[in-house]
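Q: Residues per chain, in single letters:
Number of protein chains: 4
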Amino acid sequence: MTRNRLEAFTDGVLAIVITIMVLELPTPPGHEWHDFWLAGPKYVAYILSFIYIGIYWNNHHHLMHAVERVDGGVLWANMHLLFWLSIVPFTTAWLGESHGAKVPTVLYGISLFLAAIAYTILVQSIIREQLRHSGGQRSRLRDVVGNDSKGYVSLACYAAGIGLSYVDVRLGWALYATVAIIWLVPDRRVTRALGD
Amino acid sequence: MTRNRLEAFTDGVLAIVITIMVLELPTPPGHEWHDFWLAGPKYVAYILSFIYIGIYWNNHHHLMHAVERVDGGVLWANMHLLFWLSIVPFTTAWLGESHGAKVPTVLYGISLFLAAIAYTILVQSIIREQLRHSGGQRSRLRDVVGNDSKGYVSLACYAAGIGLSYVDVRLGWALYATVAIIWLVPDRRVTRALGD
Amino acid sequence: MTRNRLEAFTDGVLAIVITIMVLELPTPPGHEWHDFWLAGPKYVAYILSFIYIGIYWNNHHHLMHAVERVDGGVLWANMHLLFWLSIVPFTTAWLGESHGAKVPTVLYGISLFLAAIAYTILVQSIIREQLRHSGGQRSRLRDVVGNDSKGYVSLACYAAGIGLSYVDVRLGWALYATVAIIWLVPDRRVTRALGD
Amino acid sequence: MTRNRLEAFTDGVLAIVITIMVLELPTPPGHEWHDFWLAGPKYVAYILSFIYIGIYWNNHHHLMHAVERVDGGVLWANMHLLFWLSIVPFTTAWLGESHGAKVPTVLYGISLFLAAIAYTILVQSIIREQLRHSGGQRSRLRDVVGNDSKGYVSLACYAAGIGLSYVDVRLGWALYATVAIIWLVPDRRVTRALGD
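Residue numbers (my numbering), protein chains in the order written: chain A, 1 to 196; chain B, 1 to 196; chain C, 1 to 196; chain D, 1 to 196.
Please keep in mind that the hints were generated in silico from the structure rather than gathered at the bench.
There may be inaccurate statements among the hints.
Said to hold, decoys possible - Heads up, incomplete: computed chain D residues facing chain C, CB under 8 Å, no partners named: (1) Gly12; (2) Ile20; (3) Leu23; (4) Phe83; (5) Ser98; (6) Ala101.
Stated by the list, open to error - Only pairs whose alpha carbons sit at most 20 Å apart, straight line, appear in this in silico EDC-like list of lysine to aspartate or glutamate: (7) A:Lys102 <-> D:Asp35; (8) A:Lys42 <-> A:Glu32; (9) C:Lys42 <-> B:Glu32.
Said to hold, decoys possible - Quick list of the computed label-pair ranges, beta carbon to beta carbon: (10) D:Asp168 <-> C:Ile181: 42 to 48 Å; (11) D:Ile47 <-> C:Leu38: 24 to 30 Å; (12) D:Ile47 <-> C:Ala177: 50 to 56 Å; (13) A:Glu68 <-> D:Thr178: 34 to 40 Å.
Note that the coordinates shown come from a computational prediction; the quantities given were computed from them, not determined experimentally.
Glycine is no exception: its CB is placed at the ideal position from the N, C-alpha and C atoms.
Produce the entire structure from the sequences given, and follow the hints as far as they go.
A: Dropping the structure here:
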């Protein structure tokens, strides 16, 4: 039950985050196609962030399959993740409005990097709870996640993307997009292990 | 359970989409009826989009009745549908603000057309999952949906409406409204077959 | 289950309606108390609408206790109710912004009147479904609701309030407030009959 | 079941409150870091309010563990709490926009103080319902909460913070932050007593 309510609250926040970003898309100033395309970079930023939030929802969903109990540490680790994801509509709006300028690209990467860090902390706090509950014997999630290479590659990509955006913003975009592609492939380790 | 969370997330997104459209309705500039009626076309666009989102919620609800399991493909097909529906407040705002000008009418139709395509993909991905799970034997949803003539008629109406809006926007509106009427009639095939 | 999803969607829409109204409250132009009080009528309108939406959520909650099945008619009657409630943030914003001018007061009453009509239709459509399902024998909700005098008094109050606002807006406000008071008292008929 | 729907509605409102605050963060006027930092106080206010709402969600979650039934009084006590929490995005926006000026700091404290009062009323109304239901014998929640010193310390901190903001706003901020720290520590009394 505790887990259900955590899922419900997370679903609520992610549903709102993914949906209110549309409020940042401005009504085109005229009524022709060229008016519509003026905000082209905003649409691209919207699509990207929609995909990222979708990935987080999807992974969170898979993650919760390996969770039986939720303690205070897990609740707050989850809230911490929601915090960084709730920031995404703001960093997305700046990225789109600036047509992909350098600093907004860096900030966008930072918001994604910190969300990824928060996700890693959430995974670790669940594993810690499972080990403590079983007297250090066993964590179902740790068996499933293994060494979590995908998570660490993502963090490295974000860090590199943030740094390389100062050289050329297109390198940043390419590295951020790489993370999206990595995660769009559903985490088959979890699904397979749980026979989901 | 997986299905429950998919429903919950979809309900959340659709509830937000249907509700935030009201934020696009401007407070009338004065305090008389003629000030209120200045935004008449926005109210019409709001009502139309409310009905469309309501139809999608209703159909999604019926659709999920024929679903037992959800795999990664279904999750992403559903996310894809939510993407196009999340765009509707934006295309609605432009349609209303332009008082039904040609390009906004076309774009509105495109957003509905792509949502309808996404719905078709979702239905197909569920059928594919059901066939794979039963070793190609049986798909409960395919039995229920049959040849889905209603879905294909809708797609044809949207496509025609988009094209004919270039001739006369009223033809576009009429064809879009036709789809709404087709779907307002609940999908009795599904309800009947499931004894719902 | 069908009923659960109807409740979940309704809860989602009402939660959003009740919460986004705060986005219509403008940040005061300065940093003193008199700046804060400039928007006084908006705060009053916000409080009133919060109470109305809270009443609808509360009554809907009690209503659903007497419901076992939901058919297409009930789904759409519910959607119709949600439509008029989704309009409330808009009519509230105009009422508050106009400091309670005549036409915005009338429109506010109309939006509440139509929501009340929609609620009555929802109750009737549930009763009709229950009678049909039991071969005309019995409707649990009809036994509970009785002649629904409270509902009809509300409709009369709204209608009178709309008309009398043309004489003096304060008569309209008083009559609208009367309805709120009537409904703030929880519907003891339903609670008692269900032993809730 | 009644309890479930109360939780669901509360989760919905809190998820929206915590998320729409991001809409109050303005897109920076230029594309450099100094443009980003112009809104620094707004980010701080956002973080603080996110934590407060997170604390309320967390505590509400623990509170509901000790609840079996919900009556009309509890429903309205909960709605009253949601009202004050729904105001927080507004008082947060003013606090941030004013860069922590005196009156906005006082109003922010008042909104938190009234939410804390409402939470206390909610706890009492649940205890009252439990005592009445058991013929005055026993309230599971009262056994768990004890004398609720943490709640009363919070109320005292808010009241002191509101008063001392007139002397120096930094005293107000320090006292508000103290409450956040007190509550960030999860309510171990409840968790322990319920073996949660």
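Q: For the pair supplied as a hint, A:Lys42 and A:Glu32, is the alpha-carbon distance within the 20 Å limit?
A: holds (17 Å)
Q: Does the Cβ-Cβ separation between D:Asp168 and C:Ile181 fall within 42 to 48 Å?
A: For C:Ile181 against D:Asp168, whose Cβ atoms are near 44 Å apart, the range 42 to 48 Å holds.
Q: Evaluate the given range 34 to 40 Å for the C-beta pair formed by A:Glu68 and D:Thr178.
A: With a Cβ separation near 35 Å, A:Glu68 and D:Thr178 satisfy 34 to 40 Å, so the hint holds.
Q: Report holds or violated for the interface hint on D:Ala101, using the least CB-CB distance to chain C and a cut-off of 8 Å.
A: Nearest chain C Cβ about 4 Å off; hint holds.
Q: Hey, A:Lys102 versus D:Asp35, does the alpha-carbon distance stay inside 20 Å?
A: This hinted pair holds, its Cα atoms lying about 13 Å apart.
Q: Would you check whether D:Phe83 satisfies its interface hint, that is, whether its CB is within less than 8 Å of any CB in chain C?
A: holds (6 Å)
Q: Please verify whether C:Lys42 and B:Glu32 have alpha carbons no more than 20 Å apart.
A: Satisfied, since the Cα-Cα distance of roughly 18 Å is no more than 20 Å.
Q: Between D:Ile47 and C:Leu38, does the C-beta distance stay in 24 to 30 Å?
A: holds (28 Å)
Q: Hey, does the D:Gly12 contact hint survive, CB to chain C under 8 Å?
A: Hint holds; D:Gly12 Cβ to chain C Cβ min 3 Å, cut 8 Å.
Q: Minimum Cβ distance from D:Ser98 to chain C below 8 Å?
A: holds (4 Å)
Q: For the pair D:Ile47 and C:Ala177, does the Cβ-Cβ distance stay inside 50 to 56 Å?
A: violated (39 Å)
Q: At a threshold of 8 Å, is the proposed contact between D:Leu23 and chain C supported by beta-carbon distances?
A: holds (7 Å)
In the structure shown, a violation is registered for the earlier hint numbered 12 alone.
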